[in-house]
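**Q** Sequence:
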Amino acid sequence: MCHPSAAQPALENATLQPSVLVVILNWNTPSETLAALDSVHKMDYPNYRVAVIDNGSTDNSLSLLSGITTKTVQLVTSTENLGYTGGCNLGFDIALRDGIDFVWLLNSDAVTQPNTLSSLVHLAQSDPHIGLVSPVIASLEDPTRLINAGGLYRPELPAFEPTKDIELARKWTSLYPDRILLLGTALLVRTDLIRTVGPFDPNFFAYWEDTDLSLRSVQAGFLNKVDFNSVVFHSEKLPATDANLLKPHFWYYLARNEIRFWKKHKGFFGGLKPILWTYRMQMQLLNRLHTNRQARQAILAGLWDGLLNKTGPYHPGLRMPPLVAAAVQFHSRSYPDKN
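Following my numbering, the numbering of the sequence shown begins with 19 at its first residue and continues without gaps.
It is possible that part of the hints are untrue.
[Unchecked claim] Label-pair restraints from in silico Cβ distances:
| hint | residue 1 | residue 2 | range |
| --- | --- | --- | --- |
| 1 | L34 | R311 | 56 to 66 angstroms |
| 2 | T97 | N327 | 19 to 29 angstroms |
| 3 | Q92 | L175 | 39 to 49 angstroms |
| 4 | H308 | R213 | 44 to 54 angstroms |
| 5 | T97 | R188 | 43 to 53 angstroms |
| 6 | Q143 | D355 | 38 to 48 angstroms |
| 7 | L80 | K265 | 14 to 24 angstroms |
[Claimed, not checked] Cross-link-like lysine to aspartate or glutamate pairs, in silico, DMTMM-like; alpha carbons within 25 angstroms at most:
| hint | residue 1 | residue 2 |
| --- | --- | --- |
| 8 | K89 | D111 |
| 9 | K284 | E174 |
| 10 | K284 | D219 |
| 11 | K281 | E179 |
| 12 | K284 | E179 |
| 13 | K265 | D210 |
| 14 | K255 | E174 |
| 15 | K265 | E254 |
| 16 | K60 | E159 |
If you're looking for bench data, these hints aren't it; they were derived computationally from the structure. Each residue gets a CB set at the ideal place from its N, CA and C atoms; glycine is no exception.
Take the sequences, apply the hints, and build the full model.
**A** Written out as structure tokens, the structure reads:
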């Protein structure tokens, strides 16, 4: 799909629309961030500002991003990596301070179409109880392939089931409007929701923080909606051909934070069923990644740190205790990879 050009924000019409702060979080990805920012500048929505937040980058990000500042774009810098949660929370702080109506979290490795934000805000404005809105997420590498159309929370199991099937997502929205959970890839957040339930939980650091915020949203009486009329294109994090292409921190956060999520919302015993399901899935991943020593160590460390409720950033020195790791890896042979 192409991305047709659009004019710069029409400032004379800005007061007619709710104010939006677009937050793009950069961490050692300046080229992707500039591409995301370029797509934002082509939007048809009139009343927005942009906060590009550099999250303690260690490459040449600051020099490459230093020229982006304009009347509507600000560059915010953090001296340390605060994780996706802490970086985005800086954006929430700006929005709350300045009385902005909505925050749009746009991943740095995503690009938007010109009309996406207009469509998201239009849906959000249709009901003051709507706290979160997400577009459909499609692949940046193959725009014809959908990645996500929201997900369903099943408290009776308990489980979280994401989908990329539009018709199934529409059915869920109709039958279970108070159980829809959304991804943070291009998430529109009503600032009144943040005032009510708080920002991202920094204990997640990265991954599952959006699912957590979505659940806190519905628990507080808000609605989460998928806008089926809009799309954002996102670089896929799960290559279909080779899981070994993903960096160890990805595996660590997914393993750790899925366990943290269920323990937070269901307690250890109430969340035991999904925690055991997570364990089985991670055992299959261990088998799939049998030649990738770093990824396997990251998964094991994530499982261990999730059980211990540890937080903070990943680093290569994190380990599951050796004897426990040996027993888990031996047990993983009982769960052959099905992919």
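**Q** Which of the stated hints cannot be reconciled with the structure, identified by number in ascending sequence?
**A** Per hint list: 13 and 14 violated.
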